Amino acid sequence: MIHRSFPKVTKLAPRRGATSALAAIVALACGAALAQAPESAEYPAVTGVDSRLAVWIAAQLHLEFAAFVLAVPMFALLIEFLGWRARSTDRVASRRYDWLAHEMASLLPVAYSLTAITGALLGFVLFAAYPKVMRHLTGVFGPTFVVYPLFFVAETLCLYFWYYGWHRWQGDSKWIHLLLGLLLNVFGTIVMFIADAWATYMMTPAGVDERGALVSLHDAVWNPGWMPLNIHRLVANVTFGALLCSAYAAYRLLLSGDARERALYDWMGYTGNLIALFTMLFLPFAGYYFGFELFAFSATYGVTLMGGVLSWLFIIQAIVIAVLFIGAAYYSWLGLLRIPGSEAQQRWSAVFNVLLIAGFAVWATPHTMAASIEESTGGFHPVLGALGVMAPKMIAVTLVLVVLYASYLLYRRAGRVPAVAWARTGTAVEWGLVGLMALTIAALGIYGYFAPAHIRIKTSIWQIYVLIGGIVVTFLLDHALLRGATTVAAARWGTMPRRGQYVLVLLAVVIVWLMGLMGYARSGARLNWHVFGILEDTSSGAGLPALGEAAFVVTLITAIFFALLAVAFLIAGMAHRTDERTLAEIAPYEEPQ
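Just so we're aligned, residue 1 is where the sequence shown starts under this note's numbering, counting upward by one.
Cβ pair distances, simulated, as ranges:
#, residue 1, residue 2, range
1, Tyr447, Val153, 47 to 55 angstroms
2, Val146, Tyr502, 41 to 49 angstroms
3, Gly432, Gln170, 40 to 48 angstroms
Once the Cα atoms are required to be at most 20 angstroms apart in a straight line, the calculated EDC-like pairs of lysine to aspartate or glutamate come out as:
#, residue 1, residue 2
4, Lys132, Glu536
5, Lys132, Asp209
6, Lys132, Asp50
7, Lys458, Glu293
8, Lys132, Glu210
9, Lys174, Asp90
10, Lys132, Asp537
What the hints contain is simulated information worked out from the structure, not anything from laboratory work.
Keep in mind the model is a prediction, meaning the values are calculated, not measured.
Idealized CB from N, CA, C, for every residue including glycine.
All chains, please: the whole structure from these sequences, using the hints.
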């Protein structure tokens, strides 16, 4: 790893390509000037500001706000739809769901403005400081730079009509509002897909010849990394947005003195954490899929990420993800305290916590700690080496997800008694299937450990299929078991200990920091290439910052993001207050006896 002063070694290649909400518009405005820029001016100086650091900060801030405004409408629309479906059977539940969706959407207008501001800033810095890089990207993706702002404008119009028309389109006109929400999500996803094409082209370029001249725009867009990153970001963005909404709920709950309002925001925080916990079950596999395509494109990525200059970053990643998963599970276990008579479920919390910590210890174990000369030259540690390869790590992380899913099943059962005649048999079959799922995953992993590499890859994929299939089957069975179940102890919303709200805030900070860290890994994997194998970084300070310096910058970006997000929370809290009549009608709160 290169160790020099930070301004000299910051990664030059623009982060996430030109993934700016307004970068395309800036590109059109700057097109004439760009065409006239001297060819020798590859890296013009920006007076008073290190341009590479400016790109890093602007790009990461923009990506985080863009992820938030893309994800929130997805689950907010689903929640709104559930409320609309319940309108004829449970009016209170219908209004409660509609309130929750609107409360989550109230964060979007300010966040959307910040997305546009950071995007415009990113576009300006990119075209001002890196004309040759942007000239190349414009030459390859010129048509998409025209289409992109059109979908961005369509997304913007749908967002504001959807949010500000919320109370106008109710009753028989609700379908209009739902249609606007659907269009908002479609246009937002297309915008993300277009930007992902620019980002992944820089890592896995296609559709160009050896000199970088465009041959096929379709191949340049649909490059090997494009669809894996699309899937990974869709899942990650939902987790990201749900945890930030949970943090907002915690913020409102901690400031509220009204028991009914506290009950509503407690329910909102629980819902956000549940959405995040569910999507986190699939997030590691989406990341594996993206990494697999990178390694298939070039073995250099595998060496750099897992065995080279960025390898220790993944040890940090494992620890941070452990905090994320254990924190989400801990909040869920605290949620059992809301339900009287849930002691039978609570006693499993300590067991599950030990299993989670053990799983993440295996996941974080490297090949070797490089404690001796022999180990530093490539040998495996005699003890750690057995756990440092991918097969045991795959077992560990998949079984961690099984434990998280089992925690969710226990929470669903707390305070409820199945009413179906086959409840005892069904419960035994359900937990038998969960145990069989865990044993099958472990057996496949152990077999893959001793099998050749091509078999090991297949067993890893089979483990994913077993996990997803097991979750689907057992969840459907659990849903049938609890249909019409008798509630013996309803959740007392608003009684969650304050530490539960602090956990939600911590999870929001962790997911933002983790996104920045892994964004650095994705861009840093290109090493000294702007576009891998085609456009090289030839500046005098080309290289990667030390991991400590990168962590400092990521922490700085996280602090700036939350400072701006706090403004969005404050404005949303001032502009959106639930009236007394609505609180009395929909708050899931019962006066203590």
